[in-house]
Every structure is written in structure tokens, then in C-alpha cells.
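Asks: Listed in order, the protein sequences are those of chains A and B.
For what it's worth, full-length UniProt numbering labels the leading residue of the first sequence as 1, then goes sequentially.
For what it's worth, full-length UniProt numbering labels the leading residue of the second sequence as 1, then goes sequentially.
Just so you know, the hints here were simulated from the structure itself, not pulled from any lab data.
Computed from a predicted model, the values in this text were never measured in an experiment.
Be a bit skeptical, because a hint or two may be false.
Intra- or inter-copy, both count: the list cannot distinguish identical chains.
Unchecked claim - In silico EDC-like pairs for lysine to aspartate or glutamate, Cα to Cα no more than 20 Å straight-line: (1) Lys13 to Asp92; (2) Lys13 to Glu115; (3) Lys13 to Asp107; (4) Lys13 to Asp109; (5) Lys13 to Glu41.
Protein chains: 2
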Amino acid sequence: MSGLDPAIAARLKRNPDGLVAAVAQQRGTGEVLMMAWMDDEALHRTLATRRGTYYSRSRQQYWIKGETSGHTQYVHEVRLDCDGDTILLVVDQEGAACHTGDHTCFDADVLLEAEG
Amino acid sequence: MSGLDPAIAARLKRNPDGLVAAVAQQRGTGEVLMMAWMDDEALHRTLATRRGTYYSRSRQQYWIKGETSGHTQYVHEVRLDCDGDTILLVVDQEGAACHTGDHTCFDADVLLEAEG
Numbered sequence: 001m002s003g004l005d006p007a008i009a010a011r012l013k014r015n016p017d018g019l020v021a022a023v024a025q026q027r028g029t030g031e032v033l034m035m036a037w038m039d040d041e042a043l044h045r046t047l048a049t050r051r052g053t054y055y056s057r058s059r060q061q062y063w064i065k066g067e068t069s070g071h072t073q074y075v076h077e078v079r080l081d082c083d084g085d086t087i088l089l090v091v092d093q094e095g096a097a098c099h100t101g102d103h104t105c106f107d108a109d110v111l112l113e114a115e116g
Numbered sequence: 001m002s003g004l005d006p007a008i009a010a011r012l013k014r015n016p017d018g019l020v021a022a023v024a025q026q027r028g029t030g031e032v033l034m035m036a037w038m039d040d041e042a043l044h045r046t047l048a049t050r051r052g053t054y055y056s057r058s059r060q061q062y063w064i065k066g067e068t069s070g071h072t073q074y075v076h077e078v079r080l081d082c083d084g085d086t087i088l089l090v091v092d093q094e095g096a097a098c099h100t101g102d103h104t105c106f107d108a109d110v111l112l113e114a115e116g
């Protein structure tokens, strides 16, 4: 049982693991920083604290972005998409968003370049 | 067997259904438009044609964004994230990105408002 508002919980369409995708975007610049996962409780904590809080599938535990690295996310705005399976977080990212040290998780591997 | 470059295929970390998440973002404004799914073949077709092409889990078939609505996506840039399970597409979206007619799939349901 999570503390999530039941009116919000009713609108979520979770995957078989009980998770929704969460995309974090930098306020102002619009950069897409990272994608991670949330269950109801992670979403509840994010809404209640305005600190980006996710659920780790590999470690099976909650993690607050930046708790160990200091690279915290202050959450300005949270939106749910039309089919209820993806959350968009508009955040102020402190330092690097990616655990590799890159500014975003999408910096390192370009599969298709912009045309000249 | 998809036509995807084996060097790219080797870097993908697919979910149990063989899919990676794909986030589409408007070029220039940075707006996050939608989230959908791709398998290797959908990614191959997107890279080869520069038209946003996804895999529908419910219909179990490929769909080219805008093929019926006319709301096509011209793909400028494609990036893979650090852990290989999420694609970022930088696109020019023609018309509404959301099937509801909204400009983006994240327009309708605000879970947490920006502070004053």
C-alpha cells in the first residue's frame, strides 16, 4: 500500500512489474536527462517531496536521485501521459544527470546524426 | 531477423518483450512529445527512413507515426542512453503528436504544478 493519492493511482497503467516509465527533463533548456522507473510509492514520494525518486529494478529498492552523488533533482512539475504509463518530470538537475558523469544519459551514443 | 546494424543491435538492452522505450522530443523547443516502443526492426526502419516508426504492443504491429493522421515525425537525430534501454528521437512533429489531438501526450494531466 503506497501513500499515493488514489485518484492518481487509478489513472496509472502499470507494466507487469507494477511500474511506469519516468522521463526527466531539464526546466528551461528542455534537455531530456534520463529515463527511469517508478512504482506508486516512488511517485508518491516524488510528489510529496519534489525530489526525483525512482524504483531500481535491478536493486529492487527506491533511490532518490543524487542521494549519494549530490546530483539531485528538484521537481518543478509532474505530468502523466495520455495512456497513463509514462510520467514526465520537469526538474532542475544539479550537476550531471548520468551516472557516467555525462550531463545527460543520451550524450554518449548517437545512432543517427542530424543532417548537415 | 531485422535489418538493424549488428553493432547497434549489440548495444540494445531490450525488455522481456524485446523492446526499448523511445522518447520523441521536438527539435528546437525541446518539448517531450510522446513515449512509445521499438523493437530492432522499428529502430532500423526509423534510422533508414527518418520517419518515426514504432511497435504497437497492443496491436502487435509496426506503425509509422502520422501514417493515418498525417501527423508525421521527421527524425533529425537518434540517441541511445547509457544503459541501452531508451532511445531519444529529436523530431519535427507535424501537427499534434498525441492521438487525442493534444500537442503532446503530456498536456492533459498535470499531477504536480510548478510552484508560484
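Asks: Tell me the hint numbers this structure goes against, listed in increasing order.
Replies: When the structure is compared with the hints, numbers 1 and 2 turn out to be violated.
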